[in-house]
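Novice: Letter by letter, the chains look like this.
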Amino acid sequence: MTAWRKWGRGLAVFAVLVASGLAGGARAENAPAEIKIGHLHAGSGPYASISMPVYDSLKLWVEQQNANGGAFVKAYGKKIPLKLISYDDQSNPGTAATLTNQLITQDKVDLLVCDSGSVLTAVSVPIAREHKMFLFDPTGTGAAFFSKDNPYIALLADPVSTVWPRYLWEFLKSDAAKLGIKRVALLYATNDFTGTQANSIRAALKEPGSPVEIVFDQGVPTSTSNYSVLIDNIAATNPDMVLELGYVGNDIAFLRNLQESGQKFKGVFTLYPGIETNVLRKNVGAQGLAGVFSYVTALGLTLKPEVGMTVEELRAAFEKAYGEGGVEFGWNAIAGHVTGLVIGETLAHADSLSQPDLHRAVFGLSGKLKTLVGTFELRDDGAQIGELTPIGQFDATGKLGVVYPSDLATAKPVLGAP
Amino acid sequence: MPRVLRDFLSVGLPVVAIFALLPLVYANQLLLFNFVLFLILAQGLNAIYGFTGYLPFGYVGFFGAGAYGFALAVMHLAAPPALALLLAGLAAVLLGMILTPLLRLSGAYFAIANLAAAQAVYQVIANPALQDITKGPYGVSLASVFAPKASYGAALLILAGVLALVAWLRHGRFGLALQAGRDDPVSAAMAGIPVVSARIIAWLISALIAGLAGGVFAWHISVFYPETAFDLSTSIFAIVFTLFGGAATLSGPIAGVILLYGLYNVIGISVPQYFQLIYGALIVGLVLFLPRGLASLLQRRGIDVP
Chain C
0 MTAWRKWGRG
10 LAVFAVLVAS
20 GLAGGARAEN
30 APAEIKIGHL
40 HAGSGPYASI
50 SMPVYDSLKL
60 WVEQQNANGG
70 AFVKAYGKKI
80 PLKLISYDDQ
90 SNPGTAATLT
100 NQLITQDKVD
110 LLVCDSGSVL
120 TAVSVPIARE
130 HKMFLFDPTG
140 TGAAFFSKDN
150 PYIALLADPV
160 STVWPRYLWE
170 FLKSDAAKLG
180 IKRVALLYAT
190 NDFTGTQANS
200 IRAALKEPGS
210 PVEIVFDQGV
220 PTSTSNYSVL
230 IDNIAATNPD
240 MVLELGYVGN
250 DIAFLRNLQE
260 SGQKFKGVFT
270 LYPGIETNVL
280 RKNVGAQGLA
290 GVFSYVTALG
300 LTLKPEVGMT
310 VEELRAAFEK
320 AYGEGGVEFG
330 WNAIAGHVTG
340 LVIGETLAHA
350 DSLSQPDLHR
360 AVFGLSGKLK
370 TLVGTFELRD
380 DGAQIGELTP
390 IGQFDATGKL
400 GVVYPSDLAT
410 AKPVLGAP
Chain W
0 MPRVLRDFLS
10 VGLPVVAIFA
20 LLPLVYANQL
30 LLFNFVLFLI
40 LAQGLNAIYG
50 FTGYLPFGYV
60 GFFGAGAYGF
70 ALAVMHLAAP
80 PALALLLAGL
90 AAVLLGMILT
100 PLLRLSGAYF
110 AIANLAAAQA
120 VYQVIANPAL
130 QDITKGPYGV
140 SLASVFAPKA
150 SYGAALLILA
160 GVLALVAWLR
170 HGRFGLALQA
180 GRDDPVSAAM
190 AGIPVVSARI
200 IAWLISALIA
210 GLAGGVFAWH
220 ISVFYPETAF
230 DLSTSIFAIV
240 FTLFGGAATL
250 SGPIAGVILL
260 YGLYNVIGIS
270 VPQYFQLIYG
280 ALIVGLVLFL
290 PRGLASLLQR
300 RGIDVP
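Taken in sequence, the protein lines are chains C and W.
Going by numbering that gives the first Met the number 0, the first residue of the first sequence is number 0, and it counts up by one from there.
Going by numbering that gives the first Met the number 0, the first residue of the second sequence is number 0, and it counts up by one from there.
Source of the hints: derived by calculation from the structure; they are not laboratory data.
It is possible that part of the hints are untrue.
Claimed, not checked - Heads up, incomplete: computed chain C residues facing chain W, CB under 7 Å, no partners named: (1) Thr97; (2) Gln101; (3) Thr104; (4) Val124; (5) Pro125; (6) Ala142; (7) Ala143; (8) Asp191; (9) Gly194.
Stated by the list, open to error - Distance condition first, Cα-Cα at most 25 Å in a straight line; then the derived SDA-like pairs of lysine to any residue: (10) Lys367/C <-> Asp356/C; (11) Lys35/C <-> Val265/W; (12) Lys107/C <-> Pro22/W.
We put the CB at the ideal spot given by N, CA and C, even for glycine.
If we strip away everything but chain C, and leave its shape as in the complex, we get:
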């Protein structure tokens, strides 16, 4: 190589370095003073119990990020403080719709996070789509939200309702059937969350060759607070196992009424004891939970996250921040933390803050991001399919052990307990 060529090549490398350095400097100079995250929460009303833990946990994550100088934003090559703008929709869908619009059109937020639960999420979905704004959906699992023609949504923390009960029906058709469960009663609250799960379970148990038959199948309004007559009606059909799917209030009422009724079934499955364990334990007691089957969320698993805190670290931070008398730590608090983690990773990977780039960054995390709830994995329509919801059973001391699938099992299922 001649001296001229060496000089030429060196000059070219120098020019590229200077240009990229200038570009990086320019990017950093153009960086906004803060990244605005728009969010809705329900401070009162029927959805407050599932919404407030998500809000408190997301707020905690933002505070932690800001304490370290903000979140790293790849588009500007530096850390930028986060600003959480969260309005209280008071569990009112009409107000939630107006406030979603407010966040987009008036506050001009960079990232949009909707409220918890399907009813309040539903109103934000078309508005976000209309404004071509990517919607970070923490726990709105309604299957109708996700379609291939809508690229403006991703479900972050809960598995989509159709996927959630997979292990339950597998357990019923395999291990439970071997233990003598042949007749099942299905009682569910008629809302998007539990109704969709009931549909999935029904379809699976009615497949040809299923060893389990459904002998009682009834939906009740989500506002149901007295299950006494329903429990007697179920008992009259002589099922081996009762599956009760409801929100927190439904499950508390059902388990209390079951204790009072004196009716005994070989097995009882309810949805929330494994999700909001503290709340259920306080309201039903360890005795009321003994022998009950439920989903096991990250609260009952020991998953090692590659990003963010472990469950115990989060619990400690959450209880330190909100203390006694505050919102109970449970699955929804974890969901709020996961929402924060996904937002953080999105900012760290997105080439710009444009909505298509945010979409690409979120979907780019699919299958790679491992948090305290397991692997973050999205279907191509934005539905969450990656997290685990094994089946567990409470023992007499109120401890929840995993009974299915066998590779995660820490206990064996016991029927007729206690």
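Use these hints to put chain W onto chain C, whose structure you have.
Specialist: Same frame as chain C, but now just chain W:
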């Protein structure tokens, strides 16, 4: 100039014009849409309460019937939005006809029976057994007709029609007959006014207005659940706005909506707990000291309130 036309041109048309122009300077169109929606509902409630004295606490039943009338027309008949809107109004009128016997009651009994009827309709719509027809409790999605600008325009047209109608009720023979029946039904009947049939017509007009409002709401929001369409707070808001401004006037319900829904959006969103306190105190104060609304402050001084 006839008084009907004068009232509409001086009060109704400016309101419609302002809400037609506001989207050009304020981007939160959904908030503006909600204002228009409550302006329609408050005037619809005015048509029955202001002119007959019947206060329907379950007014949201007609609104929900309209929302689901629109949704069913789109889902099952593939109706275009304009036709679906007409069917939404028709659904509410049909419900109004079924509930006509409630007009035999009066006062608190009518209000409670009407509320129970609205809840019954809600339970029927949300019944999982009707999932194939209404989608039951799992909500409807009308993404195929989602058109926020067109639905906002339709809401403005409905508002213009409703304001013209209420202006006519205030000054037309039919409206005066209704008011006579409201103030003294026996004397009115003796004077040859068909009190019962006039009340029924006012009841169905009121149902039609709420049905159209429900239909345009369904079109604008496109994804909703039964509890959204039959949310009791819709009734309460419409009643409070009408009472606050002054029933049986054109401008009273408008003032009620602008002031109170404005207050709701300013205070209610930033500090909802104080808002509920303020709202509660306001309603108590209103009932105790100003039962005929803000308009009565001017009317007492002999000022004609349109």
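Novice: Should the interface hint for Thr104/C be scored as holding, given a Cβ-Cβ cut-off of 7 Å against chain W?
Specialist: Because about 4 Å separates Thr104/C from the closest Cβ in chain W, which is inside the 7 Å limit, the hint holds.
Novice: Hey, does the Gly194/C contact hint survive, CB to chain W under 7 Å?
Specialist: Since chain W brings a Cβ to about 6 Å from Gly194/C, closer than 7 Å, the hint holds.
Novice: Against chain W, is Asp191/C within 7 Å by beta-carbon distance?
Specialist: Holds: closest Cβ of chain W sits about 5 Å from Asp191/C, inside 7 Å.
Novice: Hint validation: Thr97/C versus chain W, beta carbon distance must be below 7 Å. Holds or violated?
Specialist: holds, 5 Å
Novice: Hint check: Lys35/C vs Val265/W, CA-CA at most 25 Å. Holds or violated?
Specialist: holds, 21 Å
Novice: Is the interface hint satisfied for Ala142/C? The criterion is a beta-carbon contact with chain W at less than 7 Å.
Specialist: Since the shortest Cβ distance to chain W is 9 Å, the answer is violated.
Novice: Could you grab the alpha-carbon distance between Lys367/C and Asp356/C and see if it respects the 25 Å cut-off?
Specialist: The hint holds at about 18 Å.
Novice: Hold the hint about Ala143/C up to the distance rule: shortest CB distance to chain W must be less than 7 Å.
Specialist: Ala143/C check passes; min Cβ-Cβ to chain W is 5 Å, inside 7 Å.
Novice: How about Pro125/C: closest beta carbon in chain W under 7 Å, or not?
Specialist: Result: holds, 5 Å to nearest chain W Cβ.
Novice: Would the stated hint for Val124/C survive a check requiring a Cβ distance to chain W of less than 7 Å?
Specialist: holds, 6 Å
Novice: Should the interface hint for Gln101/C be scored as holding, given a Cβ-Cβ cut-off of 7 Å against chain W?
Specialist: This hint holds: Gln101/C lies near chain W, its Cβ roughly 6 Å from the closest one there, short of 7 Å.
Novice: Take the C-alpha atoms of Lys107/C and Pro22/W, compute the straight-line distance between them, and say whether it is at most 25 Å.
Specialist: Holds. Lys107/C to Pro22/W sits at ~16 Å (cutoff 25 Å).
Going through the hint list in order, the structure does not satisfy hint 6, though it satisfies all others.
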